[in-house]
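**Q** The whole structure should be built from the sequences, with the hints applied where relevant.
There are 2 protein chains.
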Amino acid sequence: MNVNDAGFAYPHRFSRQVPPPAPRWAGNARYNFIGGHNDRALVPTEALIAAAATALRRDGADLALYSMGHGPQGYARLREFVAHKLGRWRGIEAVADDVLITAGSGQGIDLINQVLLEGGDTVILEEFTYQGYLNKLRRLGVDIVGAPLDEDGIRMDALAAILADLKRQGTTPKYICTVPTIQNPTGSIMPLSRRHELLALAREYGVPIFEDECYADLTWGAIADAPPALYALDPRQVIHIGSFSKTLAPALRLGYMIADWEFLSRVIAIKSAGDSGTGALEQMTVAEYFSQHFAEHVEELSRTLKDKLDTMVEAVAREFGTAAEPWLPKGGIFLWLKLPDQVDVRKLLQPALKAGVAFNPGPEWTVDGEANKSRLRLCFGSATKEEIREGVAAFARVCREETGIPQISGNIRHAARGAS
Amino acid sequence: MNVNDAGFAYPHRFSRQVPPPAPRWAGNARYNFIGGHNDRALVPTEALIAAAATALRRDGADLALYSMGHGPQGYARLREFVAHKLGRWRGIEAVADDVLITAGSGQGIDLINQVLLEGGDTVILEEFTYQGYLNKLRRLGVDIVGAPLDEDGIRMDALAAILADLKRQGTTPKYICTVPTIQNPTGSIMPLSRRHELLALAREYGVPIFEDECYADLTWGAIADAPPALYALDPRQVIHIGSFSKTLAPALRLGYMIADWEFLSRVIAIKSAGDSGTGALEQMTVAEYFSQHFAEHVEELSRTLKDKLDTMVEAVAREFGTAAEPWLPKGGIFLWLKLPDQVDVRKLLQPALKAGVAFNPGPEWTVDGEANKSRLRLCFGSATKEEIREGVAAFARVCREETGIPQISGNIRHAARGAS
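Order-wise, the sequence lines are chains H and C. Here numbering that gives the first Met the number 0 is used: position 260 in the first sequence is 259, and no number is missing along the way. Here numbering that gives the first Met the number 0 is used: position 160 in the second sequence is 159, and no number is missing along the way.
These are computed hints drawn from the structure, not numbers from a lab. Quantities reported herein were computed from a predicted structural model and do not represent experimental measurements. Cβ coordinates follow ideal geometry from the N, Cα and C atoms, glycine included. Don't take every hint at face value.
As the list claims (entries may be wrong) - Below, in silico cross-link-like pairs of lysine to aspartate or glutamate (EDC-like), each with a Cα-Cα straight-line distance of 20 angstroms or less:
#: 1; chain 1: H; residue 1: K305; chain 2: H; residue 2: E295
#: 2; chain 1: C; residue 1: K135; chain 2: H; residue 2: E117
#: 3; chain 1: C; residue 1: K135; chain 2: H; residue 2: D274
#: 4; chain 1: H; residue 1: K135; chain 2: C; residue 2: D142
#: 5; chain 1: H; residue 1: K135; chain 2: H; residue 2: E295
#: 6; chain 1: C; residue 1: K346; chain 2: C; residue 2: E400
#: 7; chain 1: H; residue 1: K166; chain 2: H; residue 2: D142
#: 8; chain 1: H; residue 1: K384; chain 2: C; residue 2: E400
#: 9; chain 1: C; residue 1: K384; chain 2: H; residue 2: E117
#: 10; chain 1: C; residue 1: K166; chain 2: C; residue 2: D142
#: 11; chain 1: C; residue 1: K384; chain 2: C; residue 2: E298
#: 12; chain 1: H; residue 1: K135; chain 2: C; residue 2: D274
Unchecked claim - Beyond 10 angstroms from chain H on every Cβ pair, some chain C residues (computed):
#: 13; residue: A160
#: 14; residue: R167
#: 15; residue: E196
**A** Rendered as structure tokens:
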């Protein structure tokens, strides 16, 4: 009788805040350069099977209890692993009881916002930043001030000026949000001296720091080839979050938060009222696998990612020539690019999708979208090297067809195609 | 240096809406008669290991993609299983594309509330109801009207009067929330004729129905020894949710929603902005296990639960005599009791916990808490039969010590203890 076709009887009863409907899922693009996807070949399937079996044999019966009876902070073995990992590689002194497991770092962001923010508050973000922060903050009606970046992260002179300016207006920001280790989207690592300067400024102006280290384990070369986390340098000032999405698999929804108990206990109260715990089978499996294989896993992953980055940088140079200015990342899964000012990447979105290419337009990844309409983010985590080469070439073709840029350059394949 | 002891530097920057801090987790009570815990012995550990292995071998590489590339509605095989299950046992015609997988039914509740509710709205709940609904609605500033229940669920005469009364006040409730099949906490099943009456009233007054069937698979005897779901009878009027917490394991965070696309597409838009998908390993494993073992699993579980219910009913009769009036449930994991009016169960909470007994006080499970201070809910899902007998006896001792009720009755063990 196809009852569903008649439609919901009461659309007029929706809340005034309801968003537009989601479209039906159309699948990922062929050349999928968006989002935090990872390398399919590096999901350790057999090792995860073994880890799940070991963990289920030992603790499976406890699945009958909410949170396995471990309480709202999460599965004890995963919290122990996080504390160990943060101590070993990020300089953080912590025990399992200091750690909260979250359903991805996205939930951590929401929880931090719920503890601190009300509509009309002001926060400081990095000028180029994670789209998720921006979307969440805009829905909350929070004012966002962008702090300028260079190749070492937030510029401290600029941040000091912003804080002084806000103070003159009588405004204390609710937090400074930073991704100091593999910044999103520039891929920079903030040096130690600058971390100390940042903490000093935060102390001077009385502003908490929200530190997101979801990419920190994916530095080129050795794990955590980076200064200690900001949290390690001053735990009273900093709320620290991280994720297993990037180091293992984003379809597993696991992240973590570490913060002083006075803060974390508020987060736990809000989380418990909402979700009745984080998925236990994923916690068990990841705890078991990473307790044994973390270092070797992220080292292999980082090597593979660096190889893909090199492929993407070469492809961008070959296809765009000097028209594209990349920021060279020190780790992670993305390349942040600038095209000439006259290119508005928003106008390329649909033509690129038609050619099978999905990319992140700069205006969605920057505090001042209009000023950054010629920037874009290309993720290389999930595409194969062949797909990277083909996809960047396809994107360059679309860009040239739509904007005339890149002009035909020294690149032989392009010149030939342009002349045919 | 014990930096954490110094405390978070900025507690004065918390939002005014921040809740009180969560306490440190103290563990579950020895006689744990609260919450939707399940039977530890019935977690099918080896079958889950096999299911996880099969699913990971087939689809594990897709964990590298957000939502495994299946889009925001969830893992396709789990949605297919839900559609099949709802068709086979709940009379619902649906395909996988009509189903949204959620992180437990709690997320489903939050999402429905976000689509429909604003502060100051009115909703109708069953007078005895799930604590989670009440807590969430109170946080949203929504007015709650309780509809009287009898052994067949909501009384239609009373509901008609409430709707007429609200209409006279110019109020249309945003929804009528009901658990028609194994009502929480009374365990009733609404007969078919009353389901049709409910839908007719909802149509007459233009009120959506929010149907929660999280216990519907756990009827005594055969699965779904109950009339079709309300959604099956009129999909345009009803938003339907369910859960795997009760049929499999609450530490796995998996539930589902089915609703007309006009509604569901709004839910998906909100969910996607918040969580980046539901945990995939749990979806994969449950889809694989339940696609093969659902009927036998819930039949064994229901038999075990019925046996425990009988043990609890006997224990309550033995220890409380006529002082306790139980509602005899037709399925599920809890027993709803009334003690004499002079007993305020809130005053028993702490003494009972000291004796190792945790129970759900009626005031937290009723729209009008003060009027229901002598009611309580005892869950029997996780306790063994021995624990049920010991725990109910311990609870009766506490109750007698605190209130003089139950008086020493024909029960020999109690009489002997009372006389010693």
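**Q** If a hint holds in the structure, say so; if it does not, say that too.
**A** Consistency of the hints with the structure:
{"no.": "1", "hint": "H:K305 with H:E295", "in the structure": "holds, 15 angstroms"}
{"no.": "2", "hint": "C:K135 with H:E117", "in the structure": "holds, 19 angstroms"}
{"no.": "3", "hint": "C:K135 with H:D274", "in the structure": "holds, 11 angstroms"}
{"no.": "4", "hint": "H:K135 with C:D142", "in the structure": "violated, 27 angstroms"}
{"no.": "5", "hint": "H:K135 with H:E295", "in the structure": "violated, 35 angstroms"}
{"no.": "6", "hint": "C:K346 with C:E400", "in the structure": "holds, 12 angstroms"}
{"no.": "7", "hint": "H:K166 with H:D142", "in the structure": "holds, 15 angstroms"}
{"no.": "8", "hint": "H:K384 with C:E400", "in the structure": "violated, 74 angstroms"}
{"no.": "9", "hint": "C:K384 with H:E117", "in the structure": "violated, 49 angstroms"}
{"no.": "10", "hint": "C:K166 with C:D142", "in the structure": "holds, 15 angstroms"}
{"no.": "11", "hint": "C:K384 with C:E298", "in the structure": "holds, 19 angstroms"}
{"no.": "12", "hint": "H:K135 with C:D274", "in the structure": "holds, 11 angstroms"}
{"no.": "13", "hint": "A160", "in the structure": "holds, 22 angstroms"}
{"no.": "14", "hint": "R167", "in the structure": "holds, 19 angstroms"}
{"no.": "15", "hint": "E196", "in the structure": "holds, 17 angstroms"}
Taken one by one, the earlier hints fail for this structure at numbers 4, 5, 8, 9, listed in ascending order.
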